[in-house]
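Residue numbers (this note's numbering), protein chains in the order written: chain A, 1 to 852; chain B, 1 to 99; chain C, 1 to 179; chain D, 1 to 548.
Since the hints were made in silico from the structure, they are not lab data.
Check each hint, because a few of them may be wrong.
Computed cross-link-like contacts, BS3-like style, restricted to lysine-lysine with a CA-CA straight-line distance of at most 27 Å [stated by the list, open to error]:
(1) A/Lys827 / C/Lys37
(2) C/Lys37 / A/Lys787
(3) A/Lys216 / D/Lys362
(4) A/Lys718 / A/Lys431
Now the stretches of chain A that chain C is said to cover, found in silico as 3 or more residues with beta-carbon under 8 Å [to be verified]:
(5) 772–778
(6) 838–847
Ideal Cβ positions, reconstructed from N, Cα and C, are used throughout, including at glycine.
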Amino acid sequence: MLAAEEVQHALDLSSGWFLENLWLVALIPAVAFALIMMFGKKMPNGGSEFGLASMAASLVIATGAGIQWMARVNSGDAEEGGEHAIGLLQTFGRSLPRASEGGEVEPFIEPVVTSWVWWQNSGLEFGIGSFADGLSVLLLWLVAFISLLVQIFSIDYVRDDRRYTQFFGALTLFSAGMLVMVMAENMVQLILGWEIMGLCSFMLIGHWWEDAANSKAALKAFFTVRVGDIGLLVGTAVIYFASSDWIAENSPGANGFDIAAIQAWALSGDSSASGAAILVGATALFIACIGKSGQFPLHTWLPDAMAGPTPVSSLLHSSTMVVAGVFLVARIYPVFWEAFNIANGGLSFIAIIGAITIVIAALLAFVQDDIKKVLAYSTVSQLGYMMLGLGTGAWLPAVFHVFTHAFFKCCLFLCAGSISHSGSHHSFDMKKDMGGLRKKMPVTFAAWCVSTLALTGVFPFAGFWSKDEIIDNVGNNGYTVLMWVGLFGAALTAMYMTRSTYLTFFGEPRGAAAGHHFEDHVGDHDLTVEEHEPELAMAGGPMVDVHDEPTPRSLSAAANVDTVDHGHDDGGHDDHHGEDHGPHESGKLILVPVVILAFLATFSGFTNATPLGESWEYVKKYVEPRPVAVAIESIPHSGPGEGVSYFVPGIAEADEGDEGGDHGHSEGCGLTTPPEGSACFFPAVTHATPTLAKIALSLVVVAIGYAIAISFCLAFYKRRDKRLVGLTERSRVARAGHKFLVNKYYLDALYENVIVRAVAHPIANAAYWVNQKVLDATVDAVGEGGKRTGQWVYENIDQKVVDGAVNGSGTVASETGHGLQRTQSGKINQYGGLLFGAAAVAAIVLVIVNVG
Amino acid sequence: MLAANFLLLAAVLFCIGVFGVIARRNAVMVLMSIELVLNSVNLNLVAFALMNDDVDGQVFALFVIAIAAAEVGVGLAMVLLIYRNRRSISLDELSELKG
Amino acid sequence: MNAVLLAADGVNVAQNIGFGIIAAGMIFAALCVVSTKNVVHAALWLVVVLGGVAAQYVLAAAEFVAVSQVMVYIGAVMVLFLFGIMLTRAKIGEESGLNNKGWAIGIPVAVVLFGLLAWAVLDTYGDDTIAEPQLTGANNESTVDIADRVLSPYLAPFFGMTFVLLAAAIGAIVLARKD
Amino acid sequence: MNNLTDNNWILSVGTFLPLLGALAIMFGTSRDDERTPKVIGIFTAGATLAIGIATLVLFDYDQSQNLQFFVDAEWIEVISSGYTIGLDGISLPLYFLSMAVTFLVMIYSWDNMPEAGNPKAFYSLMLILQTGMAGTFIAQDLILFFVFFEVVLLPMYFMIGVWGGEQRKYASLKFFLYTMFGSAFMLVAFLAIFFQTGGESFSFAWLYEMGAGIDRDVQIWIFAGMFLGFAVKVPMFPFHTWLPDAHTQAPTQGSVILAAILLKLGTYGFVRIALPMLPQGAEAWAPVIGILAVIGIIYGALGCLAQTDMKRLIAFSSVAHMGFVMLGISTLTTFGINAALFGMVAHGLITGMLFFVAGSIKHRYHTLEISRLSGMLIQMPKMGWILGFAAMASLGLPGLAGFWGEFPAILSAYNPHPALNETLFRTLMVIAAVGTVLAAAYLLWLYQRTAFGEPTEEFAGHSDAEHEAAAHAGHDSHGVAHSLSSAANVDADEHHDDIHDVQPTEWIAWTPFLIAIVVFGVYPQLMFKVLDPAVTQLVNTISAGIPQ
């Protein structure tokens, strides 16, 4: 390779206003949040205009930043002067590191970092700001886009909600939090965004907090994630101190919180980056990801979080917030790469957790009757794919899957919302209130189908390109077993999605879908709330058993016809209850986002359609950082608002692994130590070469899944096949399995009944008991003893001894004896206590005398 | 084998015994706690014998066992007598020794 | 404790593990003795502790003492206890009011005492190890040794003890006699 | 260390002005006059606050490591104690906080006098209290420090004892004796260090210089004395048992001042006196402090989970939060002590706010029993939001002030001073991190039970918010169960019918707290910039005294 010897000049990369002022993307929603909370109630649209405007502005800036980032990458590539051999040198089997793929070293594109001093400690200054690289710009755009669509959807969906303003405020604050996290320049900023999202999640899940079930779900979500956050705090601390020596030496001015510095440190080959510290740090951080991204075994909060309004489920709990954990792993990927030895095919913690999550969540999706819970478990399962990808070195497919998954999962949730809004009368129960909706709601049905196909990975929908890439790369990196787990998961996905599609859209209409309403006083519901019994509706009791879903919504529907139920109108029901009773298609404000998302669910996969050749790999080109060693020239902090870069590419040393040909996997960034004076920011991950056979295999697996599921649905739900109906009653194995799944592997029971209850009651009470009965009692006893002693001194010494000395010293002895009488209680135990207590005191005195 | 093992175990038993003596109200239970204390001492004696490679400790332990047996005999006899006289063996009701 | 247990090299691991398991059992049982609400259960837990002590004697190569322990304590003393419990008509179930009012004061006393003892032990012996006890089996010399000691240097105390036992036996009879 | 003596009148005026106000109230007003004492009190506190703001303005932030406004006058020559005062970056935030909090508490008291009444005594006590608090933070002489430290005690004793709850006698006596018990040891320690350094001066600067030369064993003993004195005040486990009683029984104003300022006297004493004067003693005691701090974190949190009374729960949460502060201090690093100092201010603001809210809830519902409160968000939406905000700040949410005390403290425990045992402190770090989860648990649990859900039957329908809503729905012929039941309840139980949302005086008193919590949370550099140079210098003093 010629490039290996050639000296490259520092790259003159293009930048731009949007990239340098990226922080506005997060600041605008944050300001909008404050405006909504302060003035929202007085605005004609209850503050939603602030939210929408801010999201639109953020989207504009994020789009601008995206365009400028692409220009920057292109300028870097042009500067390099290399020709990009496109799609030519693709070998079979294990492919080579990127550097050799095009026969040309692609330069590392330095991220645009803007930062201000945020806080300082020990003379070190820590910043806050924005970090623009491919990953962050991609996700910023994604978050702003999805947030905007969801807010549009919400206008109609939560109209007339009694906390409409707060709802939009929380949604906007959430977006701000996610954007802050995605653009995080350092770990503390990342924690900031991470926790703000946790808070918003709490606020939004508990949006209808009048109902204890909702507030409990909110508490559970916040608390579970918080358990994982122990890992975030500990991991950040460990990484900070482990890396600080290397960073101080190699890049003064940076510190162990800076993302870029952490990346460089992890790949530096320094002894501090290969010991126990990085393993502990990475494990701790991944525990945080387990909590946030709903991985096994902390996934239990996510399905419960469906208690929130549907837009919340769609935005927070499927497409954005829960990918925060995935994002964290992707962001400081070098740390995990080194810690778990992913380079050498180490079977990482991440991959195992991801694989377990895929399967267990998919299985749980089979026994849910609630359409949102099916989707929630599906989300958990898809997050498992992403983690599996990251854990096995398939960085790009995992990030790409985040991208595509956001569209189709968001679309599916909005469809579910649309169904409940207009089709099933605020119920989410597929078995009771849905069925046969395809004719009534054609647009929703079409969008649902498209997204389902995308989710299950059918060619040519979006999920096919990303999910198959993950599975393909997992196999390519040598994890054959995990690849089969992934394929198995894909088949399961097809099956449970078929089941829920069938139950929702096909078959006979049931319950609300058939036009039965609470107003009719009848229906398949076993509930008999009647109009003239408002206090019954108030109590909310009879409802809870029927739907564990946002009860107040249906509740309020029951409680009033067309007046505003003042104190307890929690539901986002719109105003057409009275007019039409049957299921119908939703309004425009709901359908537009759904259709846009369905469109993207179909076509967004082509942004990185690897099987079509390298020219289609846009995401790979612009998002994946290049694994190139870059010379370090550290530049000290500049003033507020100015672009600060810690690492300026000077001499780009080409890694010499390109000559290795087949052995390309053993050298390069993250595989060998970068040359003196240079640093890597991203490991040389491998990319699988798609082959027709592999694609066919996965499509066949999905097809088998569909075939089984369709025939089962027809047999079970339509024909009520005798062999299948009542199987759980007849077969003990089936019953046990079913029960095990329905009880969610008993994990919830373990957490709530064993751990939480133990801490909240016996342990806390024991601690408090010790406080009151031991510590406080000791204090009281000392006080009482002091009082007694004083009294005794007064009575016996002062009054009797001193006085007695005057009266006659002969009585002294007997009086003292009487004084000591108090201790002579005659009780054996007390004597024992005194004996041993005195012995202990004497021994302490002896010890002190002898030692001191 | 660490020397401290036996001694620490004995210390734990001793302290539990002491707690029992202080905390329990029932005379029989107090006697049992005293047995715990005695046994912990015996354990110490045997451990010392082992450490010094000398059987003197074991001889002492045997003496203690014998005396303890006597003590339990007399102790229980006294408890029995008390019970017979007062229909109760609660120690906190016994305060004849009060001066 | 674990660290202490496994610290020194050349330690017989099996013996250590045995010690640990038995010790844990004993401590648990001892805690039960002083905390259970049922007098009969307390007696039975006491059996466990005494048995554990005997097992520890065996580990410490004091078989004769172990045998004596089993015979005297588990065989005789426990029977006495159970008789005592029966004769004082203890309830065979849970019983409230087994504890004193100020029983909690025992916790700090016990904890402080333990702290002291543990400190003293660790300060004195720390990491000292004891030589591997020779479990000599049938050809047991320590028993012979004990006999030698008791019957020569400790003869006078031995006699003294016999008198004590006699006195105790008579005393017990006198006290417990129904007249 | 350079001492700047510009404008050195300002500290003395700022400290003793409240005393003048107190004298004016005592001798210038009659007992029957409710209004005048309040006016004088608020005016004096306002003037003091203005002096405080002037101090902030005149403070040279580029030299925050040096003592500024420095005065060194003769005082008690016999014992070579001087009137030495000065302010540096460590004391400045606390000094100003004490002024601001007193002022705001007085405003709050305008409409919310505790039941025993007598504003004359109440306001003059509060002013005396302020002199003591401000003086403690500026004193640069041990005897002067001790005097101010003890001056604080008496007004607080009376505040709890006179205006407190049902068990006020017990609580106030306990508070007093406990603190006195600690102070006695502290005084002995002060005298010991005085004589050990040659008996020449009590001034801090002298003792910083000479203290390190004392024998290690002697340092450990002297430190033990100071430890007792300060640990009781902090309060650290196991010397905390006075705190829940004092907080629960104290009037709202007392609780707020107690939480916001008084507890800080102990931690401030550690940072200012115990650590730099006795570096080797500190090094020997640091593991003990660290372990007790972490026990305090977990134990305080567990104690919170067991509470049924809201105020007592908040009091226990103080134990946990002060545990984080002490953990930071025990690392003996710049990182940790910075965090501790930030944590002190943050805890003052947040817990002060929580006590304010608790007081107002008590005022309206006449109970703080958690099981009897529910649906506060329905009855008092604003109050509910403020409670939620304060709870979130208290559990250490980033972006609010609490985080910046907690997170760096946890972080610093990973890398304590080189002379300390790393493994021990790393273990402590993990346990402390678990403490943050428990904090989330008890605060959210509290919030869920009190603010969410429907109001309990006992109180339902008595709030302004509900009346307003009922008025809106008046045209609804059915009405709602709610207004029906409320109509029934109104007659039955008249005196609950005053559950109104946040009042104007409350807004005035609380807004600065809320703003400060957000501002320091969003831009912590404001405070770190002041603290950091001073702390760096302090830690250099400590490190110099610990032989490597």
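Do the hints match the structure? See the list:
At most 27 Å may separate the alpha-carbon atoms for a hinted pair to count; A/Lys827 and C/Lys37 meet this at roughly 21 Å. At roughly 35 Å between alpha-carbon atoms, C/Lys37 and A/Lys787 are farther apart than 27 Å, so this suggested pair is violated. Of the supplied pair hints, the one linking A/Lys216 and D/Lys362 holds, its CA atoms being roughly 25 Å apart against a limit of 27 Å. For the hint linking A/Lys718 to A/Lys431, the alpha-carbon distance of about 13 Å falls within 27 Å, and the restraint holds.
Coverage of the stretch 772–778 of chain A by chain C holds in this model, with 4 residues showing a Cβ closer than 8 Å to a Cβ of that chain against a need of three. Evaluation of the coverage hint for the stretch 838–847 of chain A: fulfilled, as 5 residues show C-beta separations to chain C shorter than 8 Å, against a requirement of three.
The structure does not agree with numbered hint 2 stated previously, though it agrees with all others.
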